[in-house]
Amino acid sequence: MRRTYLGEFEEVVLMMVAILDGEAYGVTVSQALEEHTGRIVTFGTVHNTLIRLEEKGFITSQLCGATNERGGRRKRIFQMTALGNRALQEIQQLRQELWQLMPPTKLRLSGL
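Oh and the sequence shown: position 106 is 104 in this note's numbering, straight run, nothing missing.
Simulated from the structure, these hints should not be mistaken for laboratory data.
Bear in mind the structure is a predicted one, so any value in this text is a computation, not a measurement.
Just so you know, even glycine gets a beta-carbon here, dropped at the ideal spot from N, CA and C.
Keep in mind that the hints are not guaranteed to be accurate.
Said to hold, decoys possible - Computed spacing ranges between beta-carbons, pair by pair:
1. L96 x H34: 34 to 40 Å
2. R84 x G63: 19 to 25 Å
3. Q29 x G70: 18 to 24 Å
Unchecked claim - The calculated lysine to any residue pairs, modelled on SDA-like cross-linking and capped at a C-alpha distance of 25 Å, are:
4. K54 x E21
5. K73 x H34
6. K54 x Q29
7. K73 x E88
8. K54 x I17
9. K73 x A30
10. K54 x G70
11. K54 x E9
12. K54 x E88
13. K73 x Q60
14. K54 x G42
15. K54 x K104
16. K73 x E32
17. K54 x L92
18. K73 x L92
19. K73 x E52
20. K73 x I38
21. K73 x V39
22. K54 x L99
23. K73 x R93
24. K73 x Q90
Construct the complete structure from the given sequences, taking the supplied hints into account.
Dropping the structure here:
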């Protein structure tokens, strides 16, 4: 099976969908990214990434009921798929393997 690679931003958005577990929609993902990473992200960037992840099969979405707080508009809630789960596990394993290869001297600050 051919592996589909994730970009760095796709990876963190996918992780946020998993972390938010049933509460992931564009606004909550954007807010969580800003809160946990310190990155200022636009809703459009997050929304486009969510759509791209859905097209790749890493997440699915469904429309939920309209709310007064959203002016009667419905939310599109995103959930991670088994493929998304596997992709995150693979990238975590790869990162751990690469960190194990890192010479300890490369992480030391010079002059200390």
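Going down the list of hints, with the structure as the test:
Evaluation of the 34 to 40 Å hint for L96 and H34 yields a failure: the beta carbon distance comes to about 22 Å. For R84 and G63, the Cβ-Cβ distance of about 31 Å falls outside the hinted range of 19 to 25 Å, so the restraint is violated. The hinted window of 18 to 24 Å between Q29 and G70 holds, with their beta carbons roughly 21 Å apart. Restraint check for K54 and E21: satisfied, since their Cα atoms lie roughly 21 Å apart, inside the 25 Å limit.
For the proposed pair K73 and H34, the alpha carbon gap of about 22 Å is at most 25 Å, so the pair holds. For the hint pairing K54 with Q29, the CA-to-CA distance comes to about 23 Å; that is within 25 Å, so the pair holds. Using a Cα cut-off of 25 Å, the hinted pair K73 and E88 is violated, with the two alpha carbons roughly 30 Å apart. In summary, the hint linking K54 to I17 is supported, as the alpha carbons are separated by about 19 Å, within the 25 Å threshold.
Only pairs whose Cα atoms come within 25 Å are accepted, and K73 paired with A30 is accepted, the gap being roughly 17 Å. With a C-alpha separation of about 30 Å, the suggested pairing of K54 with G70 is violated against the 25 Å cut-off. A C-alpha spacing of about 13 Å is found between K54 and E9, which places the hinted pair at or below 25 Å, so the restraint holds. At most 25 Å may separate the alpha-carbon atoms for a hinted pair to count; K54 and E88 meet this at roughly 16 Å.
Proximity of K73 to Q60 is assessed by CA-CA distance (about 8 Å); at most 25 Å being required, the pair is judged to hold. The hinted pair formed by K54 and G42 meets the criterion: a straight-line CA distance of about 18 Å does not exceed 25 Å. For the proposed pair K54 and K104, the alpha carbon gap of about 36 Å is over 25 Å, so the pair is violated. Our distance criterion of 25 Å between C-alpha atoms is met by K73 and E32, whose separation comes to about 20 Å.
Annotation: proposed proximity of K54 to L92 holds, straight-line Cα distance about 20 Å (limit 25 Å). Pair hint K73 plus L92 does not hold up; C-alpha atoms about 34 Å apart against a cutoff of 25 Å. Of the pairs offered as hints, the one joining K73 and E52 holds, with about 16 Å between alpha carbons and a cut-off of 25 Å not exceeded. Restraint check for K73 and I38: satisfied, since their Cα atoms lie roughly 22 Å apart, inside the 25 Å limit.
Distance check on the hinted pair: K73 and V39 sit about 19 Å apart at the alpha-carbon level, within 25 Å; holds. Only pairs whose Cα atoms come within 25 Å are accepted, and K54 paired with L99 is rejected, the gap being roughly 30 Å. Under the criterion of a C-alpha separation no larger than 25 Å, the hint pairing K73 with R93 is inconsistent with the structure, at around 34 Å. A threshold of 25 Å between alpha carbons decides the hint, and for K73 with Q90 the separation of about 30 Å lies outside it, so the pair is violated.
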